[in-house]
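Letter by letter, the chains look like this.
4 protein chains.
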Amino acid sequence: MKKLEEAVRQFREERDWEQFHSPKNLVMALMVECAELAEHFQWLTQSQSRNLSPEKKEMIKEEIGDVLIYLVNLSEKLGIDPLEAAWEKLGKNSKKYPADQARGKSWKYHEYE
Amino acid sequence: MKKLEEAVRQFREERDWEQFHSPKNLVMALMVECAELAEHFQWLTQSQSRNLSPEKKEMIKEEIGDVLIYLVNLSEKLGIDPLEAAWEKLGKNSKKYPADQARGKSWKYHEYE
Amino acid sequence: MKKLEEAVRQFREERDWEQFHSPKNLVMALMVECAELAEHFQWLTQSQSRNLSPEKKEMIKEEIGDVLIYLVNLSEKLGIDPLEAAWEKLGKNSKKYPADQARGKSWKYHEYE
Amino acid sequence: MKKLEEAVRQFREERDWEQFHSPKNLVMALMVECAELAEHFQWLTQSQSRNLSPEKKEMIKEEIGDVLIYLVNLSEKLGIDPLEAAWEKLGKNSKKYPADQARGKSWKYHEYE
Numbered sequence: 001m002k003k004l005e006e007a008v009r010q011f012r013e014e015r016d017w018e019q020f021h022s023p024k025n026l027v028m029a030l031m032v033e034c035a036e037l038a039e040h041f042q043w044l045t046q047s048q049s050r051n052l053s054p055e056k057k058e059m060i061k062e063e064i065g066d067v068l069i070y071l072v073n074l075s076e077k078l079g080i081d082p083l084e085a086a087w088e089k090l091g092k093n094s095k096k097y098p099a100d101q102a103r104g105k106s107w108k109y110h111e112y113e
Numbered sequence: 114m115k116k117l118e119e120a121v122r123q124f125r126e127e128r129d130w131e132q133f134h135s136p137k138n139l140v141m142a143l144m145v146e147c148a149e150l151a152e153h154f155q156w157l158t159q160s161q162s163r164n165l166s167p168e169k170k171e172m173i174k175e176e177i178g179d180v181l182i183y184l185v186n187l188s189e190k191l192g193i194d195p196l197e198a199a200w201e202k203l204g205k206n207s208k209k210y211p212a213d214q215a216r217g218k219s220w221k222y223h224e225y226e
Numbered sequence: 227m228k229k230l231e232e233a234v235r236q237f238r239e240e241r242d243w244e245q246f247h248s249p250k251n252l253v254m255a256l257m258v259e260c261a262e263l264a265e266h267f268q269w270l271t272q273s274q275s276r277n278l279s280p281e282k283k284e285m286i287k288e289e290i291g292d293v294l295i296y297l298v299n300l301s302e303k304l305g306i307d308p309l310e311a312a313w314e315k316l317g318k319n320s321k322k323y324p325a326d327q328a329r330g331k332s333w334k335y336h337e338y339e
Numbered sequence: 340m341k342k343l344e345e346a347v348r349q350f351r352e353e354r355d356w357e358q359f360h361s362p363k364n365l366v367m368a369l370m371v372e373c374a375e376l377a378e379h380f381q382w383l384t385q386s387q388s389r390n391l392s393p394e395k396k397e398m399i400k401e402e403i404g405d406v407l408i409y410l411v412n413l414s415e416k417l418g419i420d421p422l423e424a425a426w427e428k429l430g431k432n433s434k435k436y437p438a439d440q441a442r443g444k445s446w447k448y449h450e451y452e
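Residue numbers (the numbering used here), protein chains in the order written: chain A, 1 to 113; chain Y, 114 to 226; chain L, 227 to 339; chain B, 340 to 452.
The hints are simulated quantities; they were obtained by calculation from the structure and are not laboratory data.
The C-beta atom is built at its ideal place from N, Cα and C for all residues, glycine as well.
Don't take each hint at face value.
Said to hold, decoys possible - Partial selection, computed: residues in chain Y whose CB lies under 10 Å from chain B:
#1 Lys137
#2 Val140
#3 Met141
#4 Asn206
As the list claims (entries may be wrong) - List of simulated lysine-lysine pairs, BS3-like, C-alpha gap at most 30 Å:
#5 Y/Lys205 x Y/Lys169
#6 L/Lys303 x B/Lys431
#7 B/Lys444 x L/Lys303
#8 L/Lys283 x L/Lys331
Please model the complete structure; the sequences and the hints are all you need to start from.
Encoded structure:
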């Protein structure tokens, strides 16, 4: 991950894209890439989304790469370590959704029962 | 990253959330988390987005954590390695935007010159 | 629709929010509102999304209101008539997806058959 | 607006797309269309976004059309009147952000002052 962060910064600097890569612009680009990823799933049933063709998976892998590149780019600009951020959030979520109580139901889903 | 992937899978299994975590649902949740991240930036000027308060950065760090958690969760479900995906995409982008030609201009930006 | 456009402009002017409401900021806000709308659906099955409770529909109605307000606000700033834009696009789509050929299948869906 | 709603329903029925057009899928498609709209703005400065070329405006108009089509399609499926929803929300916002207090500052923006 650190290596990727370094490569992304170098990629940006070699192209002198600093001027375009404000955190505000990067977060917009991140949303756009997420949407390109989502586009592959929008008309699929749940089960189709669990059984993708190899060709489709290749295309999705590219979009996942784009999303991670922009997330790392944004994080690097903000001086935030995305892995550290994920670990901290996972810890909070463990407290928020205790395994014994959360089993088999999502709170959000639960509203609909 | 592998450790995070393992932790995310364990988190999901302990709560038996497999049934909700179809790739389709996870990609929707990923977009929603990205939007919560973007919400912190929507009214900011470019320069404000480059100079965030520590309090604001803490909140943004949490959202970055959420985005990475869902991205890793989705990737794990699809059997895609997000770091590998990012490295491959970065390689393609290097060819697509040669440093010497791309210097100081974004193609998308360029349209507006 | 024209009345709504006029009310949205007046709302903005009375609050002197012109300075924040650049098209760039408005489109970010539009995406964020769409995500708040999507959040209500992310863990639902297709059939649950077709059978929402009245309480849930009330909450969704509010988000739909927000999305339309920002879309009208953005369009008004750009001097674009959203209804005219929709009619023109619907005409293009009719040519792109002739009813007789498109019946019972979405192109995007079709990839997965 | 009513006419557009009717045309969107007819468009859907003529193609028998009912099966794909669950509210869940439509809200995903709505987000994807919003992102395609946002893509035109992501690298722009605020002032560039206020001074778009006619060519760019034409492309943006198409995306605005797509967003409204999906918003109307979703609303129609849910039996929600989007204009009524917008008017109700605008009324709530007027109370939430009284013109005399809100003048010249956005609450969200205010955090950064």
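key: Non-conforming hints, listed in increasing numerical order   = 4 and 5
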